[in-house]
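So the protein lines, in turn, are chains V and W.
Here the working numbering is used: the first residue of the first sequence is 392, the next is one more, and so on.
Here the working numbering is used: the first residue of the second sequence is 421, the next is one more, and so on.
By construction, these hints were calculated from the structure, which means they are not laboratory data.
One or more hints might be untrue.
[Said to hold, decoys possible] Which residues of chain W face chain V? A partial, calculated answer using Cβ under 8 Å:
1) 486
2) 490
3) 491
4) 526
5) 527
6) 528
7) 530
8) 535
9) 536
10) 713
Every residue gets a Cβ at the ideal spot worked out from N, C-alpha and C, and that includes glycine.
Chain by chain, the residues run as shown.
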Amino acid sequence: MIYLDHAATTPMRPGVWEAMRPYADDVFGNSSGVHEVSRRAKNALEEARERIAMAIGAGPREIVFTSGGTESDNLAIKGASLSSIPRRGVVTVATEHEAVLETTDFLRRLGVPTSVVGVDREGQVDLPSLVDTVDANTAVVSVMYLNNETGVIQDIAGIASAIEEHEPDVLIHSDAVQAFSSAEIEVDDLGVDLLTITAHKFGGPKGAGLLYVREGTPLEPVLHGGGQELGRRSGTHDVASAVGLATAMEAALADRSRFRSQVAQIRDDFEKRVLTAVPDAVVNTPETPRSSHHLNVRFPGVRNETLLMRLDRAGVAASAGSACQSGASEVSHVLEAMGLSPGEARESVRFSFGWNSTADEAMDAATIVIDLIEELR
Amino acid sequence: MRALVAMSGGVDSSVAAALMREAGHDVLGVTLKLWSGPNGEAPTAGCCTVSDAEDARRVAAQLDIPYYVLDYTDEFRDGVVHRFVRDYGSGRTPNPCIECNRTVKFDRLLNGLADFDSEVLVTGHHARNRHVDGSWRLHRGEDRAKDQSYVLSMLTQAELSRIRLPVGELTKTAVRSIAAEMGLRTADKPESMDICFVGKRDYRGFLRDAAPEVFEPGPLVASDGTELGSHDGIVGFTVGQRRGLGVALGEPRFVVRIDSGSSTVVLGRRDELAVAAVGLDQLTWTEGAPFSGQVMAQYRAHGEPVPATLHDDRLLFAEPQEAVAPGQTVAFYDGDRVLGGGLISETFV
């Protein structure tokens, strides 16, 4: 199989599983306990927290362990909107992940003022209208760093400082789930108060994520209970996952500059080869800053569902939009927000490359894609 | 042979896939996602629920065949649901399952066979499709009680030549015991009887939610023209209906006619339901050549066939028939063999 769906999830990096294993086995203690096996677990947890904090330029108390991206997004937005601060409003962007959009819609149904700002043809948020939408009622603005479907990079630092200038008390959240492998993530440089990260996108385990919460940020928990994570996220710690997250993060950080050049080269060569052979194929984000590993491309006249099925049968794994519960692929809300018609969105496919992608497999995949497009037309 | 199996998640299509696989064919399973509610939620009843797709997926995994869910919600909404609403709005009695077969399942999957890298389409229908003397002949299924040839009567040679119906050769009992022997999770699964997008409720409730604009009040009249009352929309009525008429008349009354032009529902005695002949459109012939003469005609999915004579686009019943309404499909048979089918466009008393 040639796996070109790394934006959905990517294999664990070498050494991660081995690092986790003791905490699912011998060191099984509950990190809140008083005895030795628990202390050992607690030590591993706190050491993981420090390593993680270091990797994003944060303090250890600013790291809240969660079950992943969806939970972190929920905690960031609900937590900010429902906190002790009287401001309640949420402002976000039409191309966000469902974890952000549905959380925002949930709050809207509770009576919270919410706004969803549009994007241009390239997927870039319109900064002046974003800033205009933010007002004295806004608690939090949530903008994705690197889009999961298109790879479009938003200027988080620029957005954060423009909003800061306009409404200094507004919290800035960014879903950076797709970003850690390739993009610089230093929380102070980004200017964010809240940042979502999940391990399985850069070689860690699934079910392990974190929310960065800037010191002093008011936040109501979503999961109430035993008061773990300084009361911000209750529930017995998954120490193995935390260790896996920290280990994968360090590996991804050490590999970042190689990833940024080499994976980008592999993606670019694949893209060039496909576009040369299929001249009417359209990259959905041709001009805007884009990640090193995403390619969202439209093949006019070819239904993506059919192409993905044929690719799968030919041993190439790719994807389109998000899948509904039955497994059918749905029209991408991201591409629709960028102005593509539902028909055009249904002709668009995402190829995403990862830490273990190779130039040879990418060229093989390109040949398979080209042959299939020819056959399906 | 490379076979595309339309898997609904029921026992019949599960066994169809299993039989094709056992016969050594290269099998690919698909489930069509046809309908979701206004907020995208999957239906909970009928033939296209999330749990049905899950059953199909698990059976495919057990058979070790590739499996995909295809999204045809747009085609289904435009081709089937909108038409269902429009038909009721114009006083007709539609059969959405036939329309779905015609405009979505067979049309899309057969036209897409090459794209799916498949040569034939396999379904779990109870009907027999046999290659005899160079042509494909459609017959009633081996299990007469479960026969579904009526809903396939619109198929022609171009389609039949690319369709295989392996379970049509078996009784339902045999299908279930094959499934049980193979340990398929669908072996004891009950059959779905509901219209998938209507679900367990009355179709009128669906129409009231989905298309309130088609409810236009009008008069209820007796067949002699006497006004008996009023109704809130002809879509709430079908020809032959006896219950829920909204008037009490002391003796049994039936809907005998619906005039969509004046939104009038005409009530009459049972003998006024009798239809002597019908006009037909969208006539198709399973073996190509149009047929005229004596046929056995079936105008309901689970109805008994009745003798009739076909002349071009007119069908004359040997005995007058009750509850025959525009919009219904008629299938023509010679014994067990399906000759063709058509849609009733008008009725003659």
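How the hints compare with the structure:
{"no.": "1", "hint": "486", "in the structure": "holds (6 Å)"}
{"no.": "2", "hint": "490", "in the structure": "holds (6 Å)"}
{"no.": "3", "hint": "491", "in the structure": "holds (4 Å)"}
{"no.": "4", "hint": "526", "in the structure": "violated (17 Å)"}
{"no.": "5", "hint": "527", "in the structure": "violated (15 Å)"}
{"no.": "6", "hint": "528", "in the structure": "violated (10 Å)"}
{"no.": "7", "hint": "530", "in the structure": "violated (14 Å)"}
{"no.": "8", "hint": "535", "in the structure": "holds (5 Å)"}
{"no.": "9", "hint": "536", "in the structure": "holds (7 Å)"}
{"no.": "10", "hint": "713", "in the structure": "violated (44 Å)"}
The structure is inconsistent with the numbered hints 4, 5, 6, 7, 10, although it conforms to all the rest.
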